[in-house]
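Starting from the known structure of chain A, fit chain B onto it as the hints suggest.
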Amino acid sequence: AQKITQTQPGMFVQEKEAVTLDCTYDTSDQSYGLFWYKQPSSGEMIFLIYQGSYDEQNATEGRYSLNFQKARKSANLVISASQLGDSAMYFCAMREGGTGTASKLTFGTGTRLQVML
Amino acid sequence: NAGVTQTPKFRILKIGQSMTLQCAQDMNHNYMYWYRQDPGMGLKLIYYSVGAGITDKGEVPNGYNVSRSTTEDFPLRLELAAPSQTSVYFCASSYSSGYSGNTIYFGEGSWLTVV
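Those protein sequences? They're chains A and B, same order as listed. Reading the first sequence from the start, the letters are residues 1 to 117 in this note's numbering. Reading the second sequence from the start, the letters are residues 1 to 115 in this note's numbering.
I should point out that these hints are in silico values taken from the structure, not numbers from a laboratory. Hints are not guaranteed to be accurate.
Cut-off 30 Å, straight-line C-alpha distance, at most; resulting in silico cross-link-like pairs (DSBU-like, lysine-lysine) [said to hold, decoys possible]:
no., chain 1, residue 1, chain 2, residue 2
1, A, LYS73, A, LYS3
2, B, LYS9, A, LYS104
3, B, LYS9, A, LYS70
Chain A with its partners taken away, still in its complex shape:
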């Protein structure tokens, strides 16, 4: 069974608008972590944001925020005020096990975001 599901293969957003990238996950662990990575066309993996399963507040990092709905098993990434440089592939990933365990990540298939003028 797929553990991370990203249902949007591609998304378009106007510059300066906000965009939400969807991610749902499946795990029976009580302790887990959720990650979002950005992969530009150059290929490197850039860490954006992390949410622990016991974190009470949604994670935020600058223009990135994670809309964590534990009961629905969703961890959507919200990018506010999109910029042309945000055009990239975005991956949601999960680590089963809490902080301190090896980060054996399971990745989704990604969403390609294109920011338009």
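Chain B in isolation, oriented as in the chain A frame:
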């Protein structure tokens, strides 16, 4: 400030050849990982290590071997290369404890083509 360094960046192999992808980190991380990324897909874990002398299989270990003789180095060996191993390979590392362990540092990737 090197971080995670992978070599080579690009390589073309013939079917049946062997090679080693090198990975080194200078952050004194206990945990290290090898992932592969096939075209249009997310990354999949090949092997990982929680410390020198300790390695374990990930989701897709067949056709690969690893060793971890030092904290810094985690080479990935491909034996008898096959076209199915054409992929981009990422090495990564992380701390073993604390909230900072949630930051995983990736290398820039190694593009491997088997023909």
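Evaluated hints:
no. : hint              : result
1   : A:LYS73 / A:LYS3  : holds, 11 Å
2   : B:LYS9 / A:LYS104 : holds, 23 Å
3   : B:LYS9 / A:LYS70  : violated, 39 Å
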